[in-house]
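Q: Same order as they appear, the protein sequences are chains A and B. All the letters of the first sequence, read from the start, carry residue numbers 1 to 1133 under the working numbering. All the letters of the second sequence, read from the start, carry residue numbers 1 to 201 under the working numbering.
In case anyone wonders, no lab produced these hints; they're calculated from the structure. Be aware that a few hints might be false.
[Stated by the list, open to error] Simulated crosslink set (DMTMM-like; lysine to aspartate or glutamate; CA at most 20 angstroms straight-line): (1) LYS173(B) / GLU246(A); (2) LYS103(B) / GLU258(A); (3) LYS278(A) / GLU112(B); (4) LYS164(B) / GLU72(A); (5) LYS921(A) / ASP894(A); (6) LYS88(A) / GLU79(B); (7) LYS80(B) / GLU284(A); (8) LYS674(A) / ASP587(A); (9) LYS278(A) / GLU108(B).
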Amino acid sequence: MDLINRAGTALMQAISEKVPLVLILGQDGLTDTSIKNTIFQHFGLDTTTEARWSSLLDKMPLPDDFYLWLQERYSRYPAVTWATHVSKLPWHAIFTSSFDPNLVSRFKTTSRSPQAVLTSIETPPAFRSLSRTPIYYLYGKAGSSDAVAQAPISKPQLRARLSKHTIPMLNRVHDVATAIGIIVIDGYEPFKDWLDLDNILTLIEQAPDQRVLWFGWKADDTDVPHELSELVSRGKIVVDPLRLGEFLAQSEVLGKLELFATEHSMEPNVISFGGDRKMSIPPELRIQVEASCYVVDDSWMDFLAPLGEDSIYNSFVKFHGEFDGPKGVVNGVRRGFTIVRDYEKKLNDLVKEGVENHSKLKEPVVLHGQSATGKSISLARLIPIIKEDHKAAILYTNTRLPLASEISEFCELAERNGASATLLICDCNVSAHRYRDLLATIRSRGRRVIVVGSSYRVNDGVKLPREFVEANSELLPSEQTKLVDLICKFVGASHKIKVGSDRNVLATLYRVLPSTKFKISSGLGNEARYTEQELRNRSRNTDQQNLSPIAQQLIALGLATNDSVTLENRLANLFDDRDNITARLVDLVMAAGQLNCSIPLNLLISALNLADGGNALNIANLFRGIDLFRWKSSDAGSEDILVAPRLTLEAEILCRRRLLTSDAEAKQLLFLIKAVRSPLEYEESGRRFLVDLLHKLGPDGPLKARYSANYVDIGRALTALRLDNGILDPRLMLQESTLRRSAIREEKVSLGEVPAILEEAREAVQSAIDFLDKKPNRVATRTRAHLIVERAAIFAFLAVNESKKVGNTETAVWSAYMSARTASQMAIGVTEAYNPLDVALWTAADLLKQANLSDIHKLELYADIFSVLDRIDPSSLSFESQERFNTRQFILGDLLELPSLSDSALQALERDGSAAGIFLKARQIGPSKKNQDSEAYNRTMAEQASEYLLSEWNRVITDERCLRYLLSCIWIASTGQWPLRGERQVIPDKEARRKIYQCLSALRNLGCFDRDFSLLYIEAVFTWLDYDEGVAIRLWRELSQESEYIDSRRVVKQLILADDHGRVSVFSGRVDSELAPGRFAVLVESLERRISVLERDFIEQDLQYGRTLSKFGIAFNYIGPIADPLHHEVGRP
Amino acid sequence: MKFTQLHASYTVLSEGIRVNVARDAVSNINVRPPSTAENEVDFLRLVTWSYAVLFESGRVSFNVILGLPPLNNSVLSIEKQAKTKSTVQKLRTWLFHNIGFEKDREMEIRSEVSGWFISCCQSFSPNTPEHWRMCFDRLCDDMIEIIEYCHQVLAFVLSSPIDKEAIIATWKKRLQRDWDAHEFDKLISDSALRLGAVDFP
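Between the sequences and the hints, there should be enough to build the whole structure, so can you do that?
A: What follows is the structure in structure tokens.
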């Protein structure tokens, strides 16, 4: 008796292939007949003849408290023993007509936290997920008190529920399963369930053949309608008479249950650190983190069982075919399936340095280079190298960048358990600034993190930080030798093989290896086998010592190549004789693939404009038929199924060959963008993909401005998504604007069209800002900041454009400039990035050079330029921003010289009510960043400038530029340093603080505090020192909340208490409470103030309630006063 | 001695189950109980006795009781009881089987047992009377907790007019399905004979 029948075989295969698995669970759910019998007895129904859920429909209306009563029943009955087996299968989603509230806990495992979905208007955290599996209660859940989600008690309610929730939820089944998934029906009996058979038939008819498995099928049931029986006999549905639980229980008896086990059902492992410290990850935290990246626990370094020769070769081929997930890649690296490229030494050294002390790496470590240069392998190799030392926790992602909020808790837990830092490896191939943003955001929370990421090649001529490592395209002779050794070792070739030096060689390797994986002829496979056999025959007939058949083939097929021609021909041969659908599919995948964007499967099918299930089946089969695509999960929870080319290089080659021009490529990308037809589709699969795609096709992407001629069309396609399809995402709206503006900057738009396009951009940005203002969201704070910066840039464009117009008036130009200035000022305050400062500079500079303005206005522009320059601290800029700033200074040229100020000009400004003249005059007297004079000279100049400004206080008080400069001069006069430059700087003396406080009050009245964290920071510190501790704490609380996730300076100790000679003051205090795990409050009696202490800063002292902490300094960050362990030098006045 | 309290509590529970469910719902425990709480031998006997309660004489019944949804939605108590069962099973395996270090499962057992000892007596390998007494008391406490939880659940079931019958029916069905391994031998021989495999051993 073959108990592992076709349905079981299909289920087993689906699990091994990791395709989406969707369960449709009938009303019997995971219970036996006891509950049903109790219910029917309650209604006086005969439990033998009338024991069907549908009988309850005749009893409607049901009592008001029926579902509460039902909930009680469910809460009292034991679980059936086979329920455990069913719950452990890797379900991606469950749709059920059962009311059982215990289903959520029944399906809960250590790696799965199910989410109940009761209505069609709810958006679950994930539409399909192994870890956050949604359970769709089609008819509601017993015991739910939500009026909208309640189960129906009357027929009208039932009808309403059916149309509003049941059918819409059921309509998601195919989207969740995708064209390659499996739908399992269990516990459903036609006509005995509330779920109508017609609904089930609809689902089956839409599914590809043999993708629906029906367990518990009763072949001799006379009630089964003919059309359903026909579907079974046609093979549309695969059936089994046993319920799924019974089937699995029998498999267990036969010892075959492990065939249905998955990695995901294993217990989560621990992470070990040095000194025998271990971290056990709580399941909920693991699920949260694994929504975006893999947690590298100790199981990633499990013992690798030795393999026989054939197995080794198969594993080698599979590894190079990119069929394995991240763990498979790491295992392949550990087995030595790859060569170690020379650049990896620098990469490893940098990462190890960061693991020892994360603060030594100011920037993320960026491995940049062209495609197919081994970047992914190098990053994967970091895992065993770093894991060996047991110092850092490791997270890994190869799809999307995680949000700081998703991993921050994990990093904190790791640190508390002994990790020196968390190493976040991102093989995402995005621009360096995105890694920098992520690093800054995580570090703003005080986390010790090192970010290592892959990126496309950064252009020559740019001075790169030391944290950048280039993966060079050419193979060095030593690397070529290693590749020969590798091939000899695993393929059995001889050392007479030659390999080329081009990066195409690494990509070609897989294509020339005979593969046993694909049964369908793929040209290469057949050719390889034929050639091999021929060669074997020939070699038998000669005395010649031949190279092995494979070795000869490798030579014949061009592994010695120094270009991509061989690879190109190989790829083209794979599908030359295929139909249009295939060709279109290839074009879509490759156009996105060359930007390193993987397409969600559902979106891909939607883009191909498929209408029926038959064609969807073709798509599903294509993945098995053509060795060009790979599909993979978006994360450990398998929330999305993504389709991508095997390598970005292959995508580039195919695009070059098939699409030829950037316009043709852009057309494919537009198909994909327009494929998102509804907000639901967008949430389900489009969001991450579109955001990633738009970043990468833009000017900051790997292909730079390749698609600049299409930016306006793409921007308008996004606008159509928003206005016509109701897809409201501020990040997309930001892109609507940046793409249009980039098109203008690249001069792809005629002058006449510019105002209209800028207005479209402005509308998009303003709509996004308004949208975010209505729904405040901490996670979207950075997006809001970007939007405000973008708005500033648009206004700046408008102002400059106004100045270029023929027949413009000074009034119109100046009005446009004032709008731009206001927008820039706001933008400068919401982000620490250099962008808005640059916008402010070039706007004023362009107007000075181009516009015909009066002297007064010109002086105002000069004043604005110098005021902005004062706010730039070049040492805190990223290398890219520094480059831009240096370029900007070069362009500004002689505008950097202070203009001469005639008395008449000053009087004119005074009459106009402007303080620009006072500011410029003060600048002439006082210090500037440009002047690297001696400290003493700077102090003298600062004193003189501040005296002058204070003498004009009545006018200074209304001008932000003057106030800021006055604050700086007072600070410099007291300390010899510009304010807030670097770390652990001394604080001005009390008299200086009093004057600075006046400036702060005036700035606050001008509204400057809303857009400058540093002002609030200074106020908090001074208030704590000189006034009220309670008020200071409130100020810090506000500052800490506002700057979280935005400002990387948040945890930097910019100021420290020191004596008059600049020596750091040393304190001692008593620990009087624990504020949070690893954070304590210490009472400093000499100051009568409390400060925070971080346990990790004082590892050698056992911090506990009542203990004395001695010899520490008091520093200040955006969170408050904090004990400093005095390991560092302080900036002396 | 705590074992006295434990034994009394168990006796009351098993009587309650036998009276209200089935006579054979719980079988007699015939292993020698601990006589004191002072040494290693007593601890070994306690482990054996506890194993017999949870996994032999009352296997089906305890599975039914502990498989019911938790009282008052107290998921923590269910998890605690599951942990106790697991601890007893692992202690018994570790004490009475020759497990090695090669297999993951063996290492897992060793690690959990060692961790349990440390949590009881701060030693990974108890070797003084004080250590054994602490381990003995801890195991007694856990077993008392699990038995008393079962008391509460049984009382709850028996006092429920609506659910009692159905739950007891399920309980009895499970008891009927529970056959010892040796009971299949005769069936297999019989089936083989019918199939004509006369030489089937």
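Q: Hints first: check each against the structure and report whether it holds.
A: Consistency of the hints with the structure:
Under the criterion of a C-alpha separation no larger than 20 angstroms, the hint pairing LYS173(B) with GLU246(A) is consistent with the structure, at around 16 angstroms. Taking the CA atoms of LYS103(B) and GLU258(A), the gap is near 17 angstroms; set against the 20 angstroms cutoff, the hint holds. A distance of roughly 14 angstroms separates the Cα atoms of LYS278(A) and GLU112(B); the hinted pair therefore holds under the 20 angstroms criterion. With a C-alpha separation of about 13 angstroms, the suggested pairing of LYS164(B) with GLU72(A) holds against the 20 angstroms cut-off.
Among the hinted pairs, LYS921(A) with ASP894(A) is consistent with the structure: their alpha-carbon atoms are about 18 angstroms apart, no more than 20 angstroms. Note on LYS88(A) and GLU79(B): the hinted pairing holds, with a Cα-Cα distance of about 18 angstroms set against a maximum of 20 angstroms. Of the pairs offered as hints, the one joining LYS80(B) and GLU284(A) holds, with about 19 angstroms between alpha carbons and a cut-off of 20 angstroms not exceeded. Between LYS674(A) and ASP587(A) the alpha-carbon distance is near 16 angstroms, which keeps this suggested pair within the 20 angstroms criterion.
A C-alpha spacing of about 15 angstroms is found between LYS278(A) and GLU108(B), which places the hinted pair at or below 20 angstroms, so the restraint holds.
When held up to the earlier numbered hints, the structure conflicts with none and fits them all.
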